[in-house]
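Undergrad: Sequence:
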Amino acid sequence: MERIYITKLLLPLIQTPDKVTRHSYQTMYGRFLLPYYHQNPKMKMLEIGLGCNMNYGPGASVSLYKTLFPEAELWEAEFVEKCVRQYQGTEMMKGINVLTGDQGDYGTLDAWISKSGGNFDVVIDDGGHQNCQIWNSFMKLWPAVKPGGLYFIEDMEVARHDKKRKAQAPCDSNVIVPEKLKEMFDVLIYEEFGQQRSESDIEFIFCQADACVLGKKLDADPASVWWNKHKA
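With my numbering applied, the sequence shown corresponds to residues 74 to 305, in that order.
Among the hints, erroneous ones may be present.
Stated by the list, open to error - Derived lysine to any residue pairs resembling SDA-like cross-links, with alpha carbons at most 20 Å apart: (1) Lys290 x Asp259; (2) Lys115 x Val153; (3) Lys237 x Glu252; (4) Lys213 x Asp245; (5) Lys290 x Asp228; (6) Lys188 x Lys219; (7) Lys155 x Gly191; (8) Lys239 x Val153; (9) Lys213 x Met165; (10) Lys213 x Gly191; (11) Lys253 x Ser273; (12) Lys213 x Gly168; (13) Lys219 x Asp245; (14) Lys290 x Leu107; (15) Lys167 x Leu137; (16) Lys237 x Lys253; (17) Lys236 x Asn247; (18) Lys115 x Val171; (19) Lys219 x Asp259; (20) Lys219 x Asn247; (21) Lys290 x Lys139; (22) Lys115 x Ala184; (23) Lys213 x Phe152; (24) Lys236 x Asp283; (25) Lys167 x Val153; (26) Lys155 x Leu141; (27) Lys188 x Leu172; (28) Lys239 x Glu252; (29) Lys219 x Ile278; (30) Lys213 x Lys167; (31) Lys213 x Pro251; (32) Lys139 x Met165; (33) Lys139 x Tyr109; (34) Lys239 x Lys219; (35) Lys213 x Ser246; (36) Lys253 x Gly288; (37) Lys255 x Gln281; (38) Lys237 x Lys167; (39) Lys253 x Asp292.
Everything labelled a hint here was simulated from the structure, so no lab data went into it. Keep in mind it's a predicted model, so treat the numbers as computed, not measured.
The task is simple: from the sequences and hints, build the whole structure.
TA: This is how it looks when you write it as structure tokens:
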């Protein structure tokens, strides 16, 4: 049903993102993001990666989101500033808030949170796909996700490729994001006998081919977060 619904919506679009062609991300977006929007139509969503390096050009996912989520507050973060300047002011970018810079840089991420105000309902990481970019982004942006919110990470099928394992402080080249997610999964699943379950504000982790989504607990306590003890 998710595939049929999203495919019908894509028919009028000139550009179709690989999210729903080469990848089948409509599986997780249909199960989690669409219902979330229906319950929270004024949601605030940040996507990392405008698509400036895609062969079909930038903005394909923007067109999709504007079609699917007409009432949402949409933010796009992109590394290639020249591309952003070229397309900003066009019809494609109308109504889209834009951030620029390196998603793996803590200073840049702090600036994004400051400029946007944080407090995101949804974050989608479709950026550079470097493990350290993904991990550094998660470490900074997950705390900026609202209780009950969603954090999507795409394109993790390349996580073990050598070219995707460049160190970027404070993350080192040994970090592989799917392995980090497995650690979080263990915290969710296992409880040592006689010990209190580790505190975490992660409600669930759902993975499909190439991607995962994490859901934040509705009663998430920012003072007791698991990942602060597991930084790279």
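Undergrad: Run the distance test for Lys290 versus Asp228: straight-line Cα separation, threshold 20 Å.
TA: violated (24 Å)
Undergrad: Quick one, are Lys139 and Tyr109 close enough, alpha carbons at most 20 Å?
TA: holds (15 Å)
Undergrad: Given the hinted pair Lys290 and Asp259, is their alpha-carbon gap at most 20 Å?
TA: holds (17 Å)
Undergrad: Tell me if the straight-line CA distance from Lys155 to Gly191 falls inside 20 Å.
TA: This hinted pair is violated, its Cα atoms lying about 25 Å apart.
Undergrad: Would the pair Lys219 and Asp259 pass a check requiring their Cα atoms to be no farther apart than 20 Å?
TA: Outside the cut-off at roughly 23 Å; violated.
Undergrad: Does the structure keep Lys219 and Asp245 at a Cα separation of 20 Å or less?
TA: violated (28 Å)
Undergrad: Between the alpha carbons of Lys213 and Asp245, is the straight-line distance 20 Å or under?
TA: holds (16 Å)
Undergrad: If you draw a straight line from the CA of Lys219 to the CA of Asn247, is it 20 Å or shorter?
TA: Not satisfied, since the Cα-Cα distance of roughly 30 Å exceeds 20 Å.
Undergrad: CA of Lys155 to CA of Leu141, is that 20 Å or under?
TA: violated (27 Å)
Undergrad: Regarding the pair Lys255 and Gln281, is the alpha-carbon distance no greater than 20 Å?
TA: This hinted pair holds, its Cα atoms lying about 14 Å apart.
Undergrad: Hinted pair, alpha-carbon criterion (20 Å max): Lys213, Gly168. Please report holds or violated.
TA: violated (25 Å)
Undergrad: Next pair to validate is Lys213 with Gly191; report whether the Cα-Cα distance is within 20 Å.
TA: Between Lys213 and Gly191 the Cα gap is close to 10 Å, so the pair holds against 20 Å.
The earlier numbered hints that this structure contradicts are 2, 5, 7, 9, 12, 13, 19, 20, 21, 22, 26, 30, 34, 38, 39.
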